[in-house]
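Residue numbers (numbering that gives the first Met the number 0), protein chains in the order written: chain F, 0 to 270; chain R, 0 to 338.
Everything labelled a hint here was simulated from the structure, so no lab data went into it. Only a predicted model underlies this, so the values are computations on that prediction, with no experimental measurement involved. Positions of the beta carbon are idealized from the N, C-alpha and C atoms, including for glycine. Be aware that a few hints might be false.
Simulated DEER-style distance windows between Cβ atoms [said to hold, decoys possible]:
1. P253/F <-> R311/R: 45 to 53 Å
2. Y298/R <-> E8/F: 43 to 51 Å
3. D316/R <-> K251/F: 39 to 47 Å
4. V127/R <-> A260/F: 51 to 59 Å
5. A199/R <-> G176/F: 44 to 52 Å
6. K91/F <-> D149/R: 54 to 62 Å
7. R76/F <-> E297/R: 46 to 54 Å
8. R331/R <-> D11/F: 56 to 64 Å
9. A3/F <-> A270/R: 18 to 26 Å
10. Y105/F <-> Q90/R: 36 to 44 Å
11. E274/R <-> K251/F: 44 to 52 Å
Listed below are the simulated BS3-like cross-link pairs for lysine-lysine, each with C-alpha atoms no more than 27 Å apart in a straight line [unchecked claim]:
12. K257/F <-> K236/F
13. K91/F <-> K139/F
14. K277/R <-> K139/F
15. K32/F <-> K257/F
16. K264/R <-> K277/R
17. K264/R <-> K251/F
18. K236/F <-> K32/F
19. K112/F <-> K91/F
20. K43/F <-> K89/F
21. K277/R <-> K256/F
22. K257/F <-> K277/R
23. K251/F <-> K32/F
Covered stretches of chain R (chain F as the covering partner; in silico rule of three or more C-beta atoms under 8 Å from a C-beta of chain F) [said to hold, decoys possible]:
24. 206 to 219
25. 275 to 287
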Amino acid sequence: MSSAEPLMEVRDLQKHFSLTRGVVRARKAGAVKAVDGVSFEVLKGETLGIVGETGCGKSTTARLMMRLLEPTAGTVRFEGEDITHLKGGKLKTVRRELQMVFQDPYSSLNPRKTVGSIVGEPFAIHGLYGDRGERRGKVKELMDTVGLNPEHYNRYPHEFSGGQRQRIGVARALALGPKLLIADEPVSALDVSIQAQVLNLLRECQREMGLTLVLISHDLSVVRHMCDRVAVMYEGKIVELAENEALYGEPKHPYTKKLLAAVPGSRRRAA
Amino acid sequence: MSTHGDPPLLRVEDLRVEFPTEDGVVKAVDGITYEVGRGRTLGVVGESGSGKSVAAMTVLGLTRAQGAKISGRVIFEGVDLLKLDEVALRQIRGNEIAMVFQDPSTALHPLYKVGAQIVEAVRAHQDVTKAQARARTIELLGLVGIPDPDRRVDDYPHEFSGGMKQRAMIAMALANEPKLLIADEPTTALDVTVQAQILALLERLRGELGMAIVIVTHDMGVVAEMADEIAVMYAGRIVEMAATERLLSRPEHPYTWGLLRSIPKLDGPRAERLEPIKGSPPSLIDPPSGCHFHPRCEYARPEHARIDPELRPLPDDPSHSVACLLEPKERRKLWGEST
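Chain F extracted, bound-state conformation:
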């Protein structure tokens, strides 16, 4: 994997959320350093895991990579191009290449839209497949890819189970044929027997479409299963980044060791 070229490069990325006090004349009272200077590369075709606990800045990092948040400092380069400050049409073009799957399949799908229009919305936004029949065909193809019955085109999200909803979210993310897919806790809201279905789906899509995947999770076992390289975040910083086997086999940073030891059942394994 080390010979592969980077698809995305993140350098000294920072995001500080300022805290204000007072309502009428708000004044700055400090800042939360959600992401405090992280640098890493996402290599073409790999799966990079970002693990850490609540508040470590992993989701903020994902949103900065997606350009959903403006960084306080630092740069994000995609295919060599600095996209940190892109605006308007240029940003929209880059966004076709970067897609995201969200954690909660219950709140990330508009309950008043049919599956067909949710999955087809990226086409509408980017003015693709203007012909209705063609768009419908394309959406059905995507639904089939992610293991949804294309005949359910006109159904609403509430008619689907949690696992199926997450498939809808994956289909929407794949619609524009992105190069980089960022999945932020894609299975943590799902039942254990369903988690495996969605993880297998993500891996199949990646293999078949040559996607690069960034998987953000608090679940160390899920990350171990899925990822080639793993970054461990703590208090806005990456404390360790290593190949999968190295990180799980010989964790170097004390925080990584502490995280691994905390996974329930690890004491029994050690015994």
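Based on these hints, arrange chain R on the given structure of chain F.
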């Protein structure tokens, strides 16, 4: 499961809980039987909708207000709790049996100080002065590892982190040194390092106070670490029950196999694919005929759609029971092949 001759602390017998709804009767708990001995820990595992939480809440009479139709027996120290009225039950709830719920952020009243809420729990069951109750509260907060308890006792819930709130809930549950603690997903909302602390705390308190624990969770790792015995629930029933080591090393039910196989592991070789359980959990209004698991079971035969298996002890180990229609020999072969 009491290992010696003495009666168990809690015996749940053929418990059924049904909720009438507009769409039909939901059979949330469909005839479950288990025992918990003094100082023992029973882990109840299952996915959402398996009835594990409803069963736990019913032990404390907490589903009565929701119009549930309840039958069976819940014998705690020789008394059938289902026969007690609300007043009598309140004497036991929070006193002899306490409960910790999943979401610590909604279980505490946001407008009352944390300490005041624990003081209330102490004074509900003990005839003590306010000052004594406050002293006890500070002691409890210290016991569950809240730093600087004599200062934090006057904090409001929003001043506590998630892990601290869950500790406060445990402190409240322990206020009257219960003989049985029912913990429903006590660590699900928490980070792994905090989860590890809470589980270690429960383990330590069990040792110090000799209390029995029923821990309800979807996390096999949590029960593997905590429980002496594990009961696996599916569609309102217990489908397999055994001592923890035995259940993890020699599981007999295809659903248990599915659960164990579908979870990615922290050790051993990495598989290219996980083996998910096909399909999704069944409706409890109109559960599948015969063996409830048959539509998702890869070993199901046509007759399994007709015959409803009973939870039966295994001939070679009566403490290990399973509700499966496959022959024991065949099951052993199937599980042996997959490992």
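Need the list of violated hint numbers for this structure, in ascending order.
Hints 4, 11, 21, 22 not satisfied by this model.
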